[in-house]
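Going line by line, the protein sequences match chains A and B.
Its first residue numbered 11, the first sequence is counted upward by one per residue in our numbering.
Its first residue numbered 924, the second sequence is counted upward by one per residue in our numbering.
It should be emphasised that the hints constitute simulated quantities derived from the structure, not laboratory data.
Please note that a few of the clues may not be correct.
[Claimed, not checked] Straight-line Cα separation of at most 25 Å, SDA-like style, residue types lysine to any residue; simulated pairs: (1) B:Lys1079 - B:Met924; (2) A:Lys125 - A:Ala177; (3) A:Lys119 - B:Arg1213; (4) A:Lys125 - B:Asn926; (5) A:Lys119 - B:Gly1203; (6) A:Lys123 - B:Glu1036; (7) A:Lys165 - B:Arg1213; (8) A:Lys125 - B:Thr971; (9) A:Lys165 - B:Thr1211; (10) A:Lys123 - A:Arg146; (11) A:Lys123 - B:Thr929; (12) A:Lys243 - A:Asp254; (13) A:Lys165 - B:Gly1203; (14) A:Lys125 - B:Val1028; (15) B:Lys1042 - B:Val1028; (16) A:Lys243 - A:Gln224; (17) B:Lys1079 - B:Val1028; (18) A:Lys119 - A:Leu148.
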Amino acid sequence: MPDASVVNVESLVKRYRDLIALDHLSMRIAPGEVFGLLGPNGSGKTTAINCILQLLTYEKGAIELFGEKMTPSRYDLKRRIGIVPQSVAVFEELSVRENIDYFCALYIKDATKRKTMVDEAIEFVGLGEHTRFRPRRLSGGLVRRLNIACGIAHKPELIFLDEPTVAVDPQSRNAILEGILRLNNEGTTVVYTSHYMEEVESICSRIMILDRGQVLASGSNSELKALIGTGEKILIETAALPDDTLTRLRALASVRSLNYDGAELAIACSGGSRNLSDVLDVLRAQDVSFGRVYSEPPTLNDVFLELTGKGLRD
Amino acid sequence: MTNTFTYTLLALVRERDALIWALAFPLVLATLFFAMFSGIDSSYRLKTVPIVVVDDAHYRDAAAFVSLMRVLSEPAETGAPTSTGAAAHDGAHGPSTDAGPLLDVRLVASTEEADALLKSRDVVGYYVVDASGTPRLVVSAVGLDITEEVTRTILKTVIDNYLRSAATAETVMAKTAQGIGAAPAWPAGAAGPAGPAAPAGPAGAAAPAAPAAAAAATIAELSETLAHPLQFTKELRVTANDASGSVRYYYALLGFAALMTAQVGMLTVVRTQANLSPLGARRALGGTNRSVTLVAGLLASWLLSFVCILIAYCYIRFALGVSFGGRDPACVLGLAAATLMATSFGTLIGAIPRMTLGAKGGILIGITCLASLFAGLYGTPAQRLSDWLSREAPAFQQINPVQQVSTLFYTLYYYDGYEAFFSTVGALLVFSAACLALAAVLMGRQRYASV
Chain A
11 MPDASVVNVE SLVKRYRDLI ALDHLSMRIA PGEVFGLLGP NGSGKTTAIN CILQLLTYEK
71 GAIELFGEKM TPSRYDLKRR IGIVPQSVAV FEELSVRENI DYFCALYIKD ATKRKTMVDE
131 AIEFVGLGEH TRFRPRRLSG GLVRRLNIAC GIAHKPELIF LDEPTVAVDP QSRNAILEGI
191 LRLNNEGTTV VYTSHYMEEV ESICSRIMIL DRGQVLASGS NSELKALIGT GEKILIETAA
251 LPDDTLTRLR ALASVRSLNY DGAELAIACS GGSRNLSDVL DVLRAQDVSF GRVYSEPPTL
311 NDVFLELTGK GLRD
Chain B
924 MTNTFTYTLL ALVRERDALI WALAFPLVLA TLFFAMFSGI DSSYRLKTVP IVVVDDAHYR
984 DAAAFVSLMR VLSEPAETGA PTSTGAAAHD GAHGPSTDAG PLLDVRLVAS TEEADALLKS
1044 RDVVGYYVVD ASGTPRLVVS AVGLDITEEV TRTILKTVID NYLRSAATAE TVMAKTAQGI
1104 GAAPAWPAGA AGPAGPAAPA GPAGAAAPAA PAAAAAATIA ELSETLAHPL QFTKELRVTA
1164 NDASGSVRYY YALLGFAALM TAQVGMLTVV RTQANLSPLG ARRALGGTNR SVTLVAGLLA
1224 SWLLSFVCIL IAYCYIRFAL GVSFGGRDPA CVLGLAAATL MATSFGTLIG AIPRMTLGAK
1284 GGILIGITCL ASLFAGLYGT PAQRLSDWLS REAPAFQQIN PVQQVSTLFY TLYYYDGYEA
1344 FFSTVGALLV FSAACLALAA VLMGRQRYAS V
């Protein structure tokens, strides 16, 4: 029975001498997904992509794309794939249009068809006013957009975007993210890696968190948050909070940790639907006056830090 | 493939560094060479020597000497045609075969007038014939510079040769006269080479008529021979063109320029290989077979290199007027082979893994400069070193690409046939094939342990 997955990786192992870069990595990506690969520096995200695309050797594992075994010479499969690498990889001597046309020509031979595709890619990334410019005359954000245009111009079915928004201003980042969602809406399956949690959270339908080559967690946004049992964070402005009140608050079943600095009370809760009202009930019962109250739902960042730890990485 | 070829070529044409090494640098060096060496060949050329001759009665009586002055005042016979049948001189930089007269004879009426010209340094010497019919050279003893020294030597050589010939003639005539038992006699109205005509004495009249006639004929023949010494000398050319002191520099420069274009091939490979640059990695992931990408890139590199060196060649050949033996089509073929060698060599250096682009560029420049030293590019000591290596270590020079390219043009300039040229072209092609084979081994992998 043919596998419906666009990407199917089984037990992939990759070593750089003594360092295990990928430790039995397995993943399946269904058609139409925006799949997020999340992990700290050196976690194996780019290595995983390069192994999947057969650029890197690996010690063990099986890789299938579009239901077929991927090998270095499967140019028929490569023609269905787009890649936007982490480093900007374009010709400095060619103009925006020439660069896009060159990379598009690696996949599309028909010049007429290619011209239309190049025009669409230019419009897609908003480089219409810069088609004659060479990369050195473009800002960092525009170069990133060119990098993306070179990867998507041939309208691939599957596209790998490896940290495409690094060193990009917020406006360009929003434009890039919107573009990725538009691609996905047109049917492209997207594999997206990033350091920015909010990006992954906002566009990915499924997320895999990698660290030291191992899969720490995988699932939808809500599934990951549920996985670590983290609930909302409550912040309350209040002065002169008695010890008795703090003791009562700590005693609440949903309170995981509490911190009070004399002016602001910060409470981390576990999952639950009445956390805020339970806390406010205690304060009112103790006749404690308070000012503004904030309640934040858990973020992917919380999940990430919970899973990968808060220690500094290289 | 066409697209990859076109865009690779376009990118290379716009790559300023590559063009500086491949085109601008050789043009600048050629111009410098021209400024430095343009006087070399002309300095080797024999210039007409001005000489004053005292035209008095003694001189007019010395018929042989008068004849000599006349012969040496005429333009010399031009060199023999080459075995290819083509005119050797193609109007370019290099020694001329069209020699002018050796002497520019100016006749003056008296010794005083000649002395005055000598003192004013209008001439470096003058000939005067004394009463015995022997010519003498009078020169100034002081204030001679190197040019005047050379001129004086020429004038002295002329008169020494004349006197030696005259002495020889006298000896021959004396022995001939003894042999036939008659006194020697110069033809009526002629003067012997050593001086005034020998008197036709009574001894001659007393001799039998037949031997006397034979002696007269022999002496007349001898006289004619001594008056026209070149009639038994034939100039044969052993090379297709005259030796030139400067062409060697330009040929070595073309070898240097050819190897400099290896930068283009190196850059192309670095941009094609996944383990050498991010651009290479991206291209390796594309939907076009990587060997197609590589071949298209190398063809573009070779074409650009060829055009660059062709421009350098045209500049040296036509603007600077350096001779290539008039074999332009073969030169163009040689340039094509030379740039193929350079592109292949650049490909090999470019394919070395785990080395930065700057380091590879440095290696190429270093090798090019060193190979150029052994090819004699940097002056006379370098040329001596090159010659010594060619004698003592021919195998080393055989693998020196700059030397091979230099030899390529050398064979065209000096050799009549094309055997040596095609042999050198073959050596360059073998070198190219070896470089490409090694590069293929280095680039053969499709996947990498790391990128």
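Results of checking the hints against the structure:
With a C-alpha separation of about 73 Å, the suggested pair Lys1079 of chain B and Met924 of chain B falls outside the 25 Å cut-off, and the hint is violated. Restraint check for Lys125 of chain A and Ala177 of chain A: not satisfied, since their Cα atoms lie roughly 30 Å apart, outside the 25 Å limit. Between Lys119 of chain A and Arg1213 of chain B, the direct Cα distance comes to roughly 15 Å. Compliance with the 25 Å bound is thereby established for this hinted pair. Between the alpha carbons of Lys125 of chain A and Asn926 of chain B the distance comes to roughly 13 Å, so the proposed pair stays at or under 25 Å and holds.
Of the supplied pair hints, the one linking Lys119 of chain A and Gly1203 of chain B holds, its CA atoms being roughly 20 Å apart against a limit of 25 Å. Proposed proximity of Lys123 of chain A and Glu1036 of chain B is contradicted: the alpha carbons are some 95 Å apart, above 25 Å. The suggested pairing of Lys165 of chain A with Arg1213 of chain B holds, with an alpha-carbon distance near 21 Å, which does not exceed 25 Å. Straight-line distance between C-alpha atoms of Lys125 of chain A and Thr971 of chain B comes to about 73 Å, which puts the hinted pair past the 25 Å bound.
This hinted pair checks out: Lys165 of chain A and Thr1211 of chain B have alpha carbons roughly 16 Å apart, not beyond 25 Å. A distance of roughly 28 Å separates the Cα atoms of Lys123 of chain A and Arg146 of chain A; the hinted pair therefore is violated under the 25 Å criterion. Among the hinted pairs, Lys123 of chain A with Thr929 of chain B is consistent with the structure: their alpha-carbon atoms are about 18 Å apart, no more than 25 Å. A C-alpha spacing of about 21 Å is found between Lys243 of chain A and Asp254 of chain A, which places the hinted pair at or below 25 Å, so the restraint holds.
Restraint check: the Cα-Cα separation between Lys165 of chain A and Gly1203 of chain B comes to about 21 Å, which is no more than 25 Å; the hinted pair holds. The suggested pairing of Lys125 of chain A with Val1028 of chain B is violated, with an alpha-carbon distance near 81 Å, which exceeds 25 Å. For the proposed pair Lys1042 of chain B and Val1028 of chain B, the alpha carbon gap of about 18 Å is at most 25 Å, so the pair holds. Proximity of Lys243 of chain A to Gln224 of chain A is assessed by CA-CA distance (about 29 Å); at most 25 Å being required, the pair is judged violated.
Between Lys1079 of chain B and Val1028 of chain B, the direct Cα distance comes to roughly 15 Å. Compliance with the 25 Å bound is thereby established for this hinted pair. The hinted pair formed by Lys119 of chain A and Leu148 of chain A fails the criterion: a straight-line CA distance of about 28 Å is larger than 25 Å.
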